[in-house]
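K.L.:
These are the residues of each chain, in order.
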Amino acid sequence: MTAPTPTSGLVPDPTPRVPPRKDRAQTPQRAGDRVFSGLSTGAGVLILVVLAGVAAFLLAESLPVLGADAEELPGGESFLSYLGPLVYGTAFAAIVALVIATPLSIAIALYISHYAPRRLSRPIGYVIDLLAAIPSIVYGLWGLAVLAPFLQPSYVWMADNLSFLPFFEGPASATGRTIFTACVVLAVMILPIMTAINREVFLQVPTLHEEAALALGATRWEMIRMSVIPFGKSGIVSSAMLGLGRALGETLAILLVLSASGAVSLNLISSDANPTAIAPNIAAQFPEATGIDVNVLIATGLVLFLITFAVNYAARAVLARRAEFDGAAG
Amino acid sequence: MSTLVAAPAAALPQVHRPLPRLAPWLVAGASALVALALVLVLDRGVIAFALLALVLFAVALNVVSRRVEGSRRATDRLVTTIVTSAFLLAVLPLVSLLYTVIENGAARFDADFFSMSMRGVVGEGGGAQHAILGTLIITALATAISVPIGVLSAIYLVEYGRGRLARTVTFLVDVMTGIPSIVAGLFAYALFELIVGPGVRFGIGGAVALSVLMTPIVVRSTEEMLKLVPAELREASYALGVPKWRTILRVVLPAAAAGIATGITISIARVIGETAPLLLIVGITAGINTNPFAERMATLPVYAYYQFVNPGVGNPGIDRAWTAALVLIIIVLVLNVLARLIAKFFAPKGAR
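If you read the protein sequences in the order shown, they are chains G and D. Under the numbering used here, the first residue of the first sequence is numbered 132, with each subsequent residue one higher. Under the numbering used here, the first residue of the second sequence is numbered 187, with each subsequent residue one higher.
Only chain D is shown next, with the shape it has when bound in the complex (with noise of 0.2 Å):
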């Protein structure tokens, strides 16, 4: 009888004990202990030490806890290592890149850089205000372009599309999303050719290949917008006879502004950055010109990569290219930051 009952008993699992709490912590201290003894005695730089320490703590903290802990949760911890350390991974990039555009950037960050254009300029000196100028006025009218094909899609595929066009549209709306920018620019290119003539290159170009590349964008942001607001405010105006089109205008657009406007700037802040449509259609110039009709103008993105692929004698260029992109980078997290503002404080009162 008893060896009966204690045949399954033997049969079952060991049960471990899990770990401390403290363990890894304590596995972590120990493994960089040993990789900097390593690397002090092999002398290497910052990242080895960091490759090490990495590859020890999780080899060591795998066999501590295969031993203790069994082989299920010591995988359960490598798994945890690994997912861990590719987030970090993930986030040097980042900061790599902010600090080496921060860095490389203020040398030309002064008021030079703001006030004066290329014409002239050789060597030393100069600045890009032609090209500040150029990206705003080209993006503000791929903004009046892409707003209102936008959000009018937008309000079609919400309150009024049935059927396979409006399901045709959705679809292809995601596809747009995809587009490879630099299609976009041929694309203006190709259209304006046929109007103009060969060689075209001006402003408006660049706003019609941005408006492509921003319009789904737009569309996106908006429908998501629009479908939040609740279906009940729609019936409370409809009950009141209001007709359809004055209740999305004084109902329903006014409950997702805030969204909307958030959308907007978020597209704005990725267009602003182009750089492969306007190098193919807007071209570059070194002076300012601010009729976006006639004649090359300078954009911000187009000016870092020119003035980095030809930085003249001395290379003053390249300075100006890294003080361009410090430029974006601000103006892209300005844009950012302000679209979480409007999200934060003009969303509809008492909502959600």
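With the rest of the complex left out, here is chain G (with noise of 0.2 Å):
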């Protein structure tokens, strides 16, 4: 037999007395291996196959809805101009909850990382998450309850002294059941996930960073600027976006607050000029729907799931890419 190499260190190198074998199995190799492996490969498989037969499935319900004549469909004109004002409404009521929930979310998970008393920020993660296991019923039943009769005098008010802005033209609505008033309830429906992912990158700053900027003198805010923002902007840019994928596909707040009239403005606080997305759309009109106008709705459901897909696409790209450079960083 050959002499040990002199690589292997202290431990004196096991001559093979077997030609070595070719799978990279170190156990052995059963039939209940096989069996064991195959099945938890399948289910791995199972789901990027739910995930392509989703498409598949509403693509195929979609398919109708192109051979219609125009006359058949909803509205009476062709698809896309039903579609339009939909995909408009889904759009402004995601992003004006997202321009909500933004700098709210960045503050809440600057208060956990940073500021709370180290014994408070675990009860608080429970309370933020507590936020997030409500189901959206509920909210929707709070938001027009509570939230639009609260918010309703500040719409008279904005009408009266910011009407020049075209999102506060007026007239104001008299119920509060407004775009605004369901963005609210939107807003508080993304936090917790937003706040979520950021409290999570802003705690994965390197102390020594933070540490070193404190020691220049910098006060706490002063830190934070120069050395946790920097250091999170990419996990807060796809905190964002998961939010903005959250609140497209959000239903009931909307669909319970909105008394919706499919129009397209600006107008945050009208009652008569509300827009409506597509996944109240849908709720609204499926239980009754028939023929063709089943298939135009599934037709907005693809479109919704495209635009959500792409939304949660790139947020999970961005982290994705940072987790990497991490790993490559140390």
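There are no misleading hints in this set.
If the Cβ cut is set under 7 Å, some of the chain D residues that face chain G in the computed set are:
1) Arg258
2) Asp262
3) Pro279
4) Val355
5) Met362
6) Ala490
7) Ala511
Because the hints were derived from the structure by calculation, they are not lab data. Beta carbons are placed, not taken as given, at the ideal position from N, Cα and C, and that holds for glycine.
Fit chain to chain and form the complex, with the hints in mind.
P.N.:
Have a look at this one:
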């Protein structure tokens, strides 16, 4: 037999008595192994199949819309003219919600990671998680019964004083059931996931960066501005995108709060000009829909799926690249 | 010579003494008093008081701090105030929501609500027994579908997965957590329409829709738990000649069982309140239907929705809707507490 190789160090090299096996497994390969690895791989593949299936089945059910006459479609015009205001409403509501939620989620995440007494930060995390656990129907009921009347006086004030801006053109809603109320509810609903990601990223900031800033005499805010925010920038971007994805697909909050009119307008505070979003439109129409209307609604659902998929894909890609970068850095 | 030394000393920033620790509290008390006086004079409510006091506090503390400590510390204090009040602002909706639901839901939180359905009920009375049963059946079915798939996928990702397929699955599971719930409902409808026919409504469709939403959550949490199992445990088992599949079943899974159970409980809590998909594929009915393979079923969230939207003469439905919301919140909270208890009491001894 050959002499032990010098590179093997302290452990004497056990010279192989049998030729090395080709498979990479270090443990005996048995029938059970093959079955079990097959099963678990199959489950992993099944998830991919389901995701592809969502797109495929929605597409299959949407196809009849293309062949249908324009008169048969809701609105009596082409599918695109039906879809347009819905896409506008979806994007508008989600973006306003995001504008409200992003600064709040950054501030809350900073509070948990850098301001709160250490003993409090875990329970505070639970409280924020609790916001995520509350069902959307409950948020919808709360938005309609509590938030709408609460915000209504401020709409009157905005219509009186800020009507030079297109957002506050008025006339102010008498019920408070406006797109702005819906957006506030949406913002509360997307806060937890955004806060969770921001918090995680802020906690990952190397302590040495923070201590270096403090040692140079920075105040706490200067330390955050110079070491925490730059480090967490990509995390903040992706948390905003994930929040956007959630807001785009949220149904019940908008469905219950808004008296929808399908308008395309920038007006936030009037009840006459409420845009409608895709998801609540489906929920409102679907239970009574028959024939081609069902296919039209499924087609709008497919569009929603594609939009949210793209947004989520981009968000996760940013996060994944960030993780890779961190891994490379050490 | 002396001028040479003095010049750089003068260029150094002026050193400020920090405010005493008590100062912010004094400023807070003063602004509260001023705000109270203003509110009483102007005859406004509690909200105006809180808002006014907060703004006064932020401005006053900033001014005081700017004069005594310099602008940098003043900015720091201002940011501290903003960050803290942002957190309080986020807690407000939660408190208000819980208070509203408990207050409005208490009216019908009685024995009838849990023992009666809505069959033949017009106006007052009636209950949600059928809806509670429906929610339990559909969620149980969804769990039965998602848990095996989710746990096996996580095992694949942690124990077997290498290369592109595993990376794709990991990434798409993350993306899948963002699927809008209504799209999951449409998917279930589209799937079963091709099998059963147009206008299909039944419980199993709801279970499929919910499992689309639930599986990625199960995968993610199980994956995290399996990764926590120390490699030494696996290696010890391999060293004894135990095959890999038995190592996973007898060593890895038991070590991670508590964490996996926690994750599953949380994922159930996530989907049990889903309304939109059930609205599409399960529909609503007035009576008890325990067969998920035929006919519409009532579920709690959808029941709450319809009771609220069509409350009937004299609006008795609105009370029922709030009670349904209260029951849902209780279920979700109990599941969350249960998850934490499982994690606490069944965690492997000596780990970590």
